[in-house]
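Q: Residue numbers (my numbering), protein chains in the order written: chain V, 1 to 267; chain R, 1 to 301.
Everything labelled a hint here was simulated from the structure, so no lab data went into it.
On a predicted model such as this, the values are computed, not experimentally measured, just so you know.
For each residue, glycine too, the CB sits at the ideal point set by N, CA and C.
Errors might be hidden in some of the hints.
[As the list claims (entries may be wrong)] Computed, partial: chain R to chain V, Cβ under 7 Å:
no.	residue
1	Thr44
2	Leu97
3	Ala117
4	Gly126
5	Pro186
6	Ile188
7	Ile191
8	Ala271
[Claimed, not checked] Far from chain V by the CB rule (all over 12 Å, computed), these chain R residues:
no.	residue
9	Gly57
10	Ser60
11	Leu61
12	Asn78
13	Ala100
14	Arg112
15	Arg150
16	Gly157
17	Asp164
18	Leu165
19	Arg166
20	Asp189
21	Leu218
22	Asn232
23	Ala242
24	Leu274
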Amino acid sequence: MIRSRRLKLQVFRYVVLLAAALFFLMPMFASIEFSTRGNGIAAPRTLDSWKLIASTPELSDAIIASLELAVITSVMMLVLLLPTMVWVRLRLPRINRVVEFICLMPLTVPAIALVVGIKPIYIWISLNVTDSILALAFAYLILVLPYAFRALDAGLGAIDLKTLTEAARSLGAGWGTVMLRIVVPSIPSAILNASLLSVALVLGEYTFANLMNYENLQVAVAYESLVDAGTSVAISVAALAFGFVLLMVLSFVGRLRSTPVGALQRP
Amino acid sequence: MTAAGNPALSAAARPVSGGRRLPLSWLGVVPFFVYVGIFLLLPTAIILAGSLVAPDGSISLSNFAGIAKPFMFTSFVNSIEISAVSALVGAIVGAILAYAVATGSPQGLVRRTVMSAAGVFAQFGGVTLTFAWLATLYTTGIVYVFFKDRGLDIYPGGNIWLLDLRGLTLIYLYFQIPLMVLVFIPAIDGIRPQWREATESLGGSTWHYWRYVAGPLLFPSFLGCTLLLFANAFSAYATAAALLTQGGVILPLQVQALLTSETGSSQPGLAKALALAMIFVVLVVMGAYTLLQRRTSAWLR
């Protein structure tokens, strides 16, 4: 009976995975097909659209800006959120629900609504602090809060944070040491997960940048689609592929780091 | 499960971490609260306050009267409908996909691939997502041509549903399903194989297992994820902006039109009132979810 169930499960898995692959890869395939079309009906396949990415300076500027934003947002997220969550769990468990509520709040405030409220603040920032596109990272940090919180919360919930930190503290470690050498190495996959979700969100973000007149990757792609649809499709396929490869590579890195402290994790 | 696992420890630690050392321990959360205060709570307050300022500068509720127009009502209905349908379908399909992934090896290639792909697709949107679907299903698209060559027209009577709200719902699934996989898989991972074995040793069938064990355990999380998908679709803007040529069919487009009117007739007060209305809708759904969850957790006890 168990064997037949296992077989059924395997069949079910492959059917579902195949159907999903078809649904998700078909538009990707269509995009690549579209972006390699030549000019004219019988024209041969061409990679001109792809080559244009590198030779269009606005595009490469926007790509670099989005990549920088992705890194800055992830780092800021970790620096701001992780110590707060650890501290709240250890010292202020009463306000854990408040922090959770605040972190999940961006989900209830639609991005387009948040733009309405945050625009005056950005006008002030661009006049008094900086008019660089990197200022968008402040708003992006808010957008990634729900995803980052969930990922980190799952990670922190899976280790015995209290015992670990108390042991470190009683051996004379300061809070900095506790954070960097105890907490961070204990939850590598949660940290990676949170960072990856942040990177993916920032690379795909359009609403904020567009309505606050910054040119990030997605805004540049939208402009480019008016000029040369092939190039705009090529660049977003490239962005997706880049994000995918990044997530894949990092998922392997996460496993390497997790083994040494695995023994400390709760079952 | 894990948080409640150590009552003796947390009880012993409470007097130390509690009230007496309040000022010092609160210092640790100041950066976080200052930050969200500026970039999350202040904007929300600005929306709230701004929605009460009429175009002539006086304080009134006139902006909310501006919402009560037939075309506004239509976009409300459209927005809620498209979000609800894409959230429900996305949640069901995403949950099945998540289950198919979670039952494989946790360190396997399939899981890594699906999770990485879900990570990028969940944030995919805008003009290129629309393009991808046009290249697939529009009258020159590869799938359309494939079926057409075999005598099957997916647009019976020349009704190209891809370009209206039905098409938008389908396109939304392209980021809704991956998001569901991402947020639902931890819940499935939490289910222990032992529970299945326990069901079986008590004589339960697969149906019993799903009906009485796994189903009720996963249901609250499933509902929560569905709600998240609803909120996600409700605020999605870039894709609709690219697909629907006439503006204002759904709420985010109405807000955008009010914010950035090219004829100079932008109405920031009305935009804020509309933004507030959107928040209100999500809050109502959230409230319903909390009530439901209270019900289900009562069942679980």
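Q: Can you give the numbers of the hints that this structure goes against, from lowest to highest?
A: 6, 7, 13, 14, 20, 22, 23 and 24
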